[in-house]
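A.B. asks: In case you want the letters, here they are:
Number of protein chains: 2
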Amino acid sequence: MSRTPLPAGSVIGIIGGGQLGRMLAMAAARLGYRTVILEPDSQAPAAQVANRQITAAYDDEKALADLAGACDVVTYEFENVPVRAVEWLEARAPVRPGSKALKVAQDRLLEKSMARDLGAQTALFAAVADRAELDAAMAATGLPAVLKTTRLGYDGKGQAKIVRPGDADSALAAMNGQMAVLESFVHFEREVSVVAARGLSGDVKAFDVAENAHRDHILHTSTVPSSLGAPAQAEALKIAAAIGAHLDYIGVFAVEFFAVRDGEGHRLLVNEIAPRVHNSGHWTEAACAISQFEQHIRAITGLPLGETARHSDCVMENLIGDEVDEILATATEPGAVIHLYGKAEARPGRKMGHVTRISPKTA
Amino acid sequence: MSRTPLPAGSVIGIIGGGQLGRMLAMAAARLGYRTVILEPDSQAPAAQVANRQITAAYDDEKALADLAGACDVVTYEFENVPVRAVEWLEARAPVRPGSKALKVAQDRLLEKSMARDLGAQTALFAAVADRAELDAAMAATGLPAVLKTTRLGYDGKGQAKIVRPGDADSALAAMNGQMAVLESFVHFEREVSVVAARGLSGDVKAFDVAENAHRDHILHTSTVPSSLGAPAQAEALKIAAAIGAHLDYIGVFAVEFFAVRDGEGHRLLVNEIAPRVHNSGHWTEAACAISQFEQHIRAITGLPLGETARHSDCVMENLIGDEVDEILATATEPGAVIHLYGKAEARPGRKMGHVTRISPKTA
Numbered sequence: 101m102s103r104t105p106l107p108a109g110s111v112i113g114i115i116g117g118g119q120l121g122r123m124l125a126m127a128a129a130r131l132g133y134r135t136v137i138l139e140p141d142s143q144a145p146a147a148q149v150a151n152r153q154i155t156a157a158y159d160d161e162k163a164l165a166d167l168a169g170a171c172d173v174v175t176y177e178f179e180n181v182p183v184r185a186v187e188w189l190e191a192r193a194p195v196r197p198g199s200k201a202l203k204v205a206q207d208r209l210l211e212k213s214m215a216r217d218l219g220a221q222t223a224l225f226a227a228v229a230d231r232a233e234l235d236a237a238m239a240a241t242g243l244p245a246v247l248k249t250t251r252l253g254y255d256g257k258g259q260a261k262i263v264r265p266g267d268a269d270s271a272l273a274a275m276n277g278q279m280a281v282l283e284s285f286v287h288f289e290r291e292v293s294v295v296a297a298r299g300l301s302g303d304v305k306a307f308d309v310a311e312n313a314h315r316d317h318i319l320h321t322s323t324v325p326s327s328l329g330a331p332a333q334a335e336a337l338k339i340a341a342a343i344g345a346h347l348d349y350i351g352v353f354a355v356e357f358f359a360v361r362d363g364e365g366h367r368l369l370v371n372e373i374a375p376r377v378h379n380s381g382h383w384t385e386a387a388c389a390i391s392q393f394e395q396h397i398r399a400i401t402g403l404p405l406g407e408t409a410r411h412s413d414c415v416m417e418n419l420i421g422d423e424v425d426e427i428l429a430t431a432t433e434p435g436a437v438i439h440l441y442g443k444a445e446a447r448p449g450r451k452m453g454h455v456t457r458i459s460p461k462t463a
Numbered sequence: 101m102s103r104t105p106l107p108a109g110s111v112i113g114i115i116g117g118g119q120l121g122r123m124l125a126m127a128a129a130r131l132g133y134r135t136v137i138l139e140p141d142s143q144a145p146a147a148q149v150a151n152r153q154i155t156a157a158y159d160d161e162k163a164l165a166d167l168a169g170a171c172d173v174v175t176y177e178f179e180n181v182p183v184r185a186v187e188w189l190e191a192r193a194p195v196r197p198g199s200k201a202l203k204v205a206q207d208r209l210l211e212k213s214m215a216r217d218l219g220a221q222t223a224l225f226a227a228v229a230d231r232a233e234l235d236a237a238m239a240a241t242g243l244p245a246v247l248k249t250t251r252l253g254y255d256g257k258g259q260a261k262i263v264r265p266g267d268a269d270s271a272l273a274a275m276n277g278q279m280a281v282l283e284s285f286v287h288f289e290r291e292v293s294v295v296a297a298r299g300l301s302g303d304v305k306a307f308d309v310a311e312n313a314h315r316d317h318i319l320h321t322s323t324v325p326s327s328l329g330a331p332a333q334a335e336a337l338k339i340a341a342a343i344g345a346h347l348d349y350i351g352v353f354a355v356e357f358f359a360v361r362d363g364e365g366h367r368l369l370v371n372e373i374a375p376r377v378h379n380s381g382h383w384t385e386a387a388c389a390i391s392q393f394e395q396h397i398r399a400i401t402g403l404p405l406g407e408t409a410r411h412s413d414c415v416m417e418n419l420i421g422d423e424v425d426e427i428l429a430t431a432t433e434p435g436a437v438i439h440l441y442g443k444a445e446a447r448p449g450r451k452m453g454h455v456t457r458i459s460p461k462t463a
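Chains as they are written, first to last, in our numbering: chain W, 101 to 463; chain F, 101 to 463.
Careful: at least some of the hints might be erroneous.
Note that identical chains are pooled: a pair holds if it fits in a single copy or bridges any two copies.
The calculated lysine to aspartate or glutamate pairs, modelled on DMTMM-like cross-linking and capped at a C-alpha distance of 20 angstroms, are [said to hold, decoys possible]: (1) 162 <-> 356; (2) 257 <-> 303; (3) 461 <-> 413; (4) 338 <-> 235; (5) 451 <-> 316; (6) 162 <-> 235; (7) 200 <-> 413; (8) 200 <-> 303; (9) 203 <-> 190; (10) 257 <-> 161; (11) 461 <-> 407.
Just so you know, the hints here were simulated from the structure itself, not pulled from any lab data.
The whole structure should be built from the sequences, with the hints applied where relevant.
C.D. replies: Spelled out as structure tokens, the structure:
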């Protein structure tokens, strides 16, 4: 793997054309790179700011060959890219991060097992393929617990809470026959995340930990600095670095944690790992010299990682559905940084943009 | 003129495809707008991040009709757009800023006369069409003086210094038969500029004054805060507001000043007016919540202007020619924000990008 950074003018392929791809494409442009988006939707946000779109399914072999031929490096903006497509590409072009991280991130069971094996704490969990395994799992985790499909879950989809044993049948039915994992319900005080990057030379840099609040299972706000103390912050970084090294990861990734009150401080339980730039890192574009998007581009092109220091405190708020309608006309507050994604239709639950409110740095 | 802001998804036309158009297009995208670039060069920086390019000359009537039909508002990124093209467009679509500002900015004589008429100070100046007028002008301004074509001059082009009367012939020859203006040579201590915006409702907001250093007649660095005191800063804003109102200006514009030592403070002499976003305002993307590019998009779409407060001190440095080659690989300094323009070839004197170094705010 070459350690010479790709020169300006090189071409970056991005699989996926959503808002994360869009913000990656803009960060790439600011570093003088060109971008090609592979995305079946011709109206997708990312292609609007990219040099070119290949309009095809993510696993279309002809399109993948086109992408590999056109690009100096390929990345992806979401973790549900078919692993086979990435493996196919890896034989033909550098793909960063590669299929190894993707496989783990696509399977909650692999993900939690890896975290545990690396010495991180998690909720109690057990694999569930059928009713007998669910009974055994409930005995192991205790109730309440949450049953989740091992694959393709996000923003609360593919999840069912089990409060009493009588909830087991309907929860299992909600899995639709897919492999699942039962997780003990964590009585957490805070949800936090760390967005980190691992470069080609194996160095890891993390942005400050963000404290996240959800609404209807969708991220609502990320606040930085978080209310976590320095030891928990250091622990989050240590876990992220271990995960990055274990996965031979190149690029930006996020680790979401439950923070459980523990005396004066907090214990951290790994909840999820996202092998990509992450919604809880959007604040970096407003409060840091270098955003998570630029950091990802730096990592995958072999550039040195940027410094992750904050110049401001901030609160990032997602704009969901028609929340976006009023923001443009009304946001005159000092320090409000608006970012919209160019989506034509404001459907309920759809992430349309975000606003980050910055204020002078206090900690 | 409607005061209702254009909704997200509206289309902005940009005449000119250089780096200013590129940064305007990215700012437009971040507010959810789409962009169409009119630019003859198919490899131009702006089209790489825009929704669409119309590849044609700036005065191609068919292309202008296409642009007017496709866009909800049209703007321009450089002041040498043919006035006739803008007038033609104005009959068919809102053009902001319009032809009035363009006419003044394209003619140094009109520009300086306007500044003087608005009560601002300038260097002594006189129109020069021939040798007899040059003699009269030299008597009026004294020597040394600078002879400049009234039109199409930038970055030191179309200028000749006259130190002694014997320099007059060669200076006049350098004007190539074009109308010129002789300006007394100003022994200034500082060069500063103010980047301001005027909105649809006539409100004006200015970013902090930047102190500029040139090298080979090209902007080298802009430093904020400047070394000017508060009275000179207030005077710069007052002059900018008067100019904006006089020109019925909509959008961002820059006023460049010579600052002449005057007791404890400085007197400001208007040097040039640029009816567009300006190189000496590039620092705003790194040190303010809202950049000059977003401010321009806000103004021309009828959105409320954003607050112009700085969160950081900064020094913006232009990357000229092959200065760009090392920057990507070496810039790991904390607070260094790199921005490259996607130009394929690093020709000598060509603006390839800029880097803004931010540091905690001191003033």
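A.B. asks: Taking the earlier hints as the rules, which of them does this structure contradict?
C.D. replies: 1, 2, 4, 6, 7, 10
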